[in-house]
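We have chain A; now place chain B onto it with these hints.
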Amino acid sequence: MMTDTQPCNVGLFVTCLVDLMRPSVGFAALRLLERAGAQVVAPNTQTCCGQPAYNSGDFSNAREIAKDVIEAFESFEHVVAPSGSCAGMIRGQYPELFKDDSTWFPRAQNLASRTFELCEYLDKYLDLSEPLASFNHTITYHDSCASRREMGVVDQPRKLLGAVDGLELKELADTETCCGFGGLFSIKFAELSDTIANTKVDLIKNTKAEVLVGGDLGCLMKQAGQLKDQKSKVRVYHIAEILAGMADEPGVEGNNA
Amino acid sequence: MTLFSQPNPQCHDFLNGAHDALANDRLQKQLAKSLKDGFQKKRLKGMSRLPEYEQLRDRARDIKIHTLENLDLYLEQFETQVINAGGQVHWAKDDGEACQIILDICDGVKAKTVTKGKSMITEEIGLNAQLKAQGIVPIETDLGEYIIQLRDEPPSHIIAPAFHISKEQVADTFRQHHADQKRDRDLSEPTTLVHEARTELRAKFLSADVGITGANFLIAESGTGVIVTNEGNGDLTQSLPSVHIAVGSIEKIVPTLEDADTLLRLLARTATGQELSVYTTFFSGAKRTTDMDGPEQFHLVLLDNRRSDLLGGPLHDVLRCIRCGACINHCPIYGKVSGHAYGWVYPGPIGSILTPHFVGVDEAHLLPNACTMCGRCEEVCPVRIALPKLLRIWRGRAFEAGYPAGLQRLALKIWAALAKRAGLYRWMARLSVFGLRLLGPLRPYHLPKPQGGTFMDRYNGGEK
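Just so you know, the sequences run in chain order A and B. Oh and the first sequence: position 60 is 60 in my numbering, straight run, nothing missing. Just add 1000 to the spot in the second sequence (first one is 1) and you have my numbering.
Isolated chain A (complex conformation):
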């Protein structure tokens, strides 16, 4: 039941955070992609997209890591990541990293042209005439800066969430403002990162939503931490978990702490 050309051969870029912290997001992505008709493989040679090195200015290590990713995903027709940030790194930054390298630049560009953020991809290929799942809660949605600005993913997650039975979306105010995560920024500038996140958490609480949903686990972990600090009852899930009907797991930094 495709709405676009048939996807067949998809490489799942799991992302290092999902691999380490929340495998259920990876499994949810897997189910959703299969539901969209794809044959999905998560190649075993993947580690990370290299952003910690890249954003720290260590371009030489970032290049080495990027080469591994390019090789690991060379054989897939499409590459999908459950993260705007990692997909943005591959699509937007890999070609930039290799702009002076005539061997790797075309390979980086080629991978970039095949890489998608999960919601962007599902929006293309998933049949939304039937409900995807059921989730009887009010939620609010956090747009990650990378999804919103680097990938241009804004409408797609909302459209997908619209195909979940019982779900009510209450939009967050000031949704174009960063949540303060910023990868290693949240460690190097922890106090600042917490303060920015607290402002976001106030806005989340203002929506009176029961659940915070987003497409980037980094942002979600940051906000889950601050929500917990503020003794909030708001639960936090990755959008893949909601869409795949897998939100019966405890939320990010929920009662599993």
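Keep in mind the hints are simulated off the structure, nothing from the lab. Be careful, since some hints might not be right.
Said to hold, decoys possible - To give an idea of the interface, some chain B residues facing chain A are shown, with a C-beta separation under 7 angstroms as derived from the structure:
#1 ALA1370
#2 CYS1374
#3 TYR1425
#4 PRO1448
A virtual CB, placed ideally from N, CA and C, is assigned to each residue, including glycine.
Below, chain B without anything else, positioned relative to chain A:
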């Protein structure tokens, strides 16, 4: 002998500056109010009244690109036209040379006081300190600049230098410095404060020997400088004294009046949401015999201060900047730490690109790193500068220079070594998940308890 006059940088102290700002409740309230409800909303409103806003941005970007590609030609044309209009052009290689030129002009007319229009470029060259050292009294005439001059503080924002200060603080400052006035006067209303500053400044405008302004644009075809103000103080500064010195950096050049007009339509809208600033002042040369008024002498100090080093290099695009402040107004970091934490003249995203160039990466390596790479600055930049890309170039240079150092660098190296070896990485990932789960509430940085097992292990184990 050249002076070294640029202000002493405190960028290395960013973390302490940020900490102090975060602990200052009054400042936090002020920032939230002035940025989110102020500048950001006003920009949106200004944009919404101009359907061709996006096309105008493209046009502005293209004007800047073209001008920078032909900068030498336009600079020479500008010089010729200033001379034709009866002015003098002084080429200043750096901050020290610029200050020396200005001091010499002041000396030539035995200046005792100079009035100043708001100008970031004179902050960059540290002019006020040099004037004072020569016994010349500089008087800032922009209200914000006047307030911070009384308080002996640097500006915290490039277009709203005193926006970190509340009206109550301004009242206290005025009580302290305007000693002739009644101590118990009512200063609770902003209009009263403005009236008082205006009264104080009026006499100073009339008695100043030299007026110094910056320049928002320098128009090559006519040798005309342009300044925008909302108070008209720039006009009084440049037309009342017998000498007007305008200081402009080389990238302020635009080819034609029409180009300046295009950029002016964007500048105020992007900065404050105004269609135009209240005053837009064009000045060309000295007073002519037929003019009613104006300065007897007009000097234009054209400052390079290593901007030409940026031309054609990786940071070239930063020279497109028209100093509207939009990147600053929308930066989540600036929105919490305000301007002083950045430790030098230019704060926010644009400052974090310019400052390392001016003060060196050893001093300023934290600035380009104090950023979440959210990309909002690029989104709002009227001349479409890819600020995050330029910030990342500085991160690369900082890394090459050894920053971050110590443990942070070691951790990064170990992580990168693992990330390049998938087999070893799997083992370490397994261990980390185990360790983090064991650590319980001792987990650092709000790391949640990992769900258990790594995805790759569970996936390879056949889980679906």
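Going down the list of hints, with the structure as the test:
A cut of 7 angstroms between beta carbons decides the hint on ALA1370(B): the least distance to chain A is about 6 angstroms, and the hint holds. Below 7 angstroms, beta-carbon pairs count as interface contacts, and CYS1374(B) has one with chain A at about 4 angstroms; its hint therefore holds. For the restraint placing TYR1425(B) at the interface with chain A, the shortest Cβ-Cβ distance is roughly 5 angstroms, inside the 7 angstroms limit, so the hint holds. At a threshold of 7 angstroms, the smallest CB-CB gap from PRO1448(B) to chain A is about 4 angstroms, leaving the interface hint in force.
Hint compliance for this structure: no hint is broken.
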